[in-house]
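So the sequences go chain by chain: A and U. All residue numbers for the first sequence refer to our numbering, where the first residue is 1 and numbers rise by one. All residue numbers for the second sequence refer to our numbering, where the first residue is 1001 and numbers rise by one.
Please note: incorrect hints may appear among the correct ones.
Reference listing, derived: stretches of chain A covered by chain U, where coverage requires no fewer than 3 residues with Cβ under 8 angstroms from a Cβ of chain U [said to hold, decoys possible]:
hint, segment
1, 88-94
2, 104-111
3, 348-361
4, 394-400
5, 426-438
Cβ-Cβ distance ranges computed for the label pairs, FRET-style [unchecked claim]:
hint, chain 1, residue 1, chain 2, residue 2, range
6, A, 122, U, 1324, 42 to 48 angstroms
7, A, 118, U, 1305, 32 to 38 angstroms
8, A, 179, U, 1116, 29 to 35 angstroms
9, A, 428, U, 1216, 35 to 41 angstroms
10, A, 253, U, 1103, 53 to 59 angstroms
11, U, 1402, A, 320, 41 to 47 angstroms
12, A, 83, U, 1116, 39 to 45 angstroms
Rather than coming from a laboratory, the hints here were simulated on the basis of the structure. Don't be surprised by glycine CBs; every beta carbon is placed ideally from N, CA and C.
Listed here are the chains, written in short residue letters.
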Amino acid sequence: MCALSQSASVEDRQSDSDLTARSGTMIKENGRTVQLTHAGRTRRHKGSNEQVPVEANGKKLLVNDQNKYRSMMIRAYSSIWMIGGFIFVVYMGHLYIWAMVVIIQIFMAKELFSLLKKSNEDKKLPGFRNLNWHFFFTAMLFVYGRILSQRLVNTVASDKFLYKIVANLIRYHMVTCYFLYIAGFVWFILSLKQKMYKYQFGQYAWTHMILIVVFTQSSFTVANIFEGMFWFLLPASLIVINDITAYIFGFFFGKTPLIKLSPKKTWEGFIGASVTTIISAFLLANYLGRFQWLTCPRKDLSTGWLQCDPGPLFTPENVTLPGWFPWKELEVLPVQWHALALGLFSSLIAPFGGFFASGFKRAFKIKDFGDSIPGHGGLTDRMDCQMVMAVFAYIYHQSFILAQSVSVGMIFDQIITNLTYEEQRALYTNLGEIIQVRQSVW
Amino acid sequence: MCALSKSASVEHRQSDSDLTARSGTMIKENGSTVQLTHAGRTRRHKGSNEQVPVEANGKKLLVNDQNKYRSMMIRAYSSVWMIGGFVFVVCMGHLYIWAMVVIIQIFMAKELFSLLKKSNEDKKLPGFRNLNWHFFFTAMLFVYGRILSQRLVNTVASDKFMYKIVANLIRYHMATCYFFYIAGFVWFILSLKQKMYKYQFGQYAWTHMILIVVFTQSSFTVANIFEGMFWFLLPASLIVINDITAYIFGFFFGKTPLIKLSPKKTWEGFIGASVTTIISAFLLANYFGRFQWLTCPRKDLSTGWLQCDPGPLFTPENITLPEWFPWKELEVLPVQWHALALGLFASLIAPFGGFFASGFKRAFKIKDFGDSIPGHGGLTDRMDCQMVMAVFAYIYHQSFILAQSVSVGMIFDQIITNLTYEEQRSLYTNLGEIIQVRQSVW
């Protein structure tokens, strides 16, 4: 489940009678209580010695007031650090956000790889774990090679020697990745050990699923970033806003349960958050749309300042409002209308990413994907809704924002990757003549 | 395992003492023996009442001569029908091959979907099966939409009204497929039933893996077909040749086991087949390369005759041979050198697709993926090596064949015929920017 709405699951975890039975040993260490779970994994809760709530009804949010507010403090503390770190990276620039995405990916993959690992079987298969990271590296090369090839070309456009190397790398990019994948495939088959087949095939499938899930959304995130940080920052912020407001509305008004999968989510929280998110989307788009740092696409891999023509989407328009509005006119950036669609999706559909993660955890009887973030769980617990949103944002951007059609993009790619500079110039000259002819006739 | 080399596994199956115990009931029905396996699935073997071989050494291929030759006759009979049907479809044309691929896909998916299905759980989940077909339909729309969009455009280029419709469909293709996928995702989450979570998530993951495996290779197959049937026919034929010759060499000379996963495969069969396949690749490419029906790309979705300029790859060159060769000169199509690479891959790497399938069947204790083809098993049993080969052929073609043949003229033609005037201008502007950057620096 996403962000702060997970506080409910903290209680859920600790109210679970299993945990009380499991946590027979409670050791006080450096002022913090270390609880030993039945998986043998130590989990540090800052002062989380909470009792089982007495009643199980809608009002239980107000039971154990002190602990409830304390857990909210823990989560707020972690959230502030996360949001602060995020803003810092956004300020640093596109390349650093990319680095942040890659780091998050590595930790997510590590969490998820170890999730369904069985240490008994693993001992009999030395080196099998490395296969995961081989496929991870191959996926990274493939995904970022595709997305950033054009920008890499632009970065080295000035250096003729480097350009040749890069152009060749791009031309044989697909083959390289395929070769690496086949090497991993052959390695897997040669590593199959009798009586371990089922475990190994399960791990192989699991690895593929993880890498597909992790890399699809992160590749789209990075693609969005380089189209203009706005298209990364706005969707991500909307998810955060949706989660925080859902928690707040649920905390104060929560009564009707929303879905069996996540018993602490409420309809009041959901609806309140949806309305707030859509309104925030409209307003936030106006605020974020004023900064060229956020709206300009990054054409290469540099880290300097950005300047560009904002384009029609970010040019203010005046909209005349109906008579009953207090203001006569409103200055609106056209992009704000698109932001409404993003807000709608982030409040209605993106939470299903959280439900999926909840269902998954119930199916495999795990409490959290990891324990890197105090009060929240692991990285995947934080990213589950973000992933769904990132894919939507990319597809929305490609389909409804980008003026270029598919054909132009495809042909342009062909020109850049397949023709030499002299050939490109020849093509340019010929094309110029044709266009001039048309211009003079029409 | 691929094609005829599976005859060995037929013996393996029936020599398995389990099967003798399981097949307590043997009913003679219409001249064929129906054997009830322990899974309750009836399997029809035409006269396959074979006894357990006495010894388990290299010479066991000659034991039970009569039955061995009989099973070979069965497999040969099915193979002749398959190859005949295949040749027929090739003569019919590209569109019909595409239809054949789609039909094969549907049956493969059906086989694989039902493979890990547990009927008890399924009864409690009405309508859950339909989710598989929903995702199947979405995958089909996505994959073939991407590959055939350009050709669809060319087919309706003459009709302005249809062109507009098709152009819009293509523009919103990605958004449409995404919408379908998200609909399936939400449907899945809303269908989660308590105590069934693990089964449902397992089915969800399994569905994704199947669709990815089935559609990746089939989409590449179709892409190859429309680039020129040669690039589909040659790789597929090489796999068939490799399997048949591996069987023959193993039948007569087989002594040293190759890999634990497939105990009846031998090094002699493997090496004999590799040499034969590579030589056949060289010769077959020369034969296929003479037919314009096979070498010309299909630019649209028509079914008529094909005419085109063969291109440098299919234009004969004369090579002077060293003196010790009986011939002074040899007429070689340049494509034959590429065929050597295809032959090398088909003999060395593609069999790993068969090993993967064997390992998978052992892991999950299934004998065959299905039983549609007598003596061979199911469709997936036949397609496992073909799938690996199809992906390689596509990537090889994209990286080493296409790049060579792309020229200024070709791209210029594309620009003139496919882009609207506005798109041409936008391409011209973008290209101008790139060229100016280079001009100013170099």
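Hint by hint, here is what the structure shows:
no.: 1; hint: 88-94; result: violated (count 0)
no.: 2; hint: 104-111; result: violated (count 0)
no.: 3; hint: 348-361; result: holds (count 6)
no.: 4; hint: 394-400; result: holds (count 5)
no.: 5; hint: 426-438; result: holds (count 9)
no.: 6; hint: A:122 <-> U:1324: 42 to 48 angstroms; result: 57 angstroms, violated
no.: 7; hint: A:118 <-> U:1305: 32 to 38 angstroms; result: 60 angstroms, violated
no.: 8; hint: A:179 <-> U:1116: 29 to 35 angstroms; result: 31 angstroms, holds
no.: 9; hint: A:428 <-> U:1216: 35 to 41 angstroms; result: 37 angstroms, holds
no.: 10; hint: A:253 <-> U:1103: 53 to 59 angstroms; result: 55 angstroms, holds
no.: 11; hint: U:1402 <-> A:320: 41 to 47 angstroms; result: 54 angstroms, violated
no.: 12; hint: A:83 <-> U:1116: 39 to 45 angstroms; result: 43 angstroms, holds
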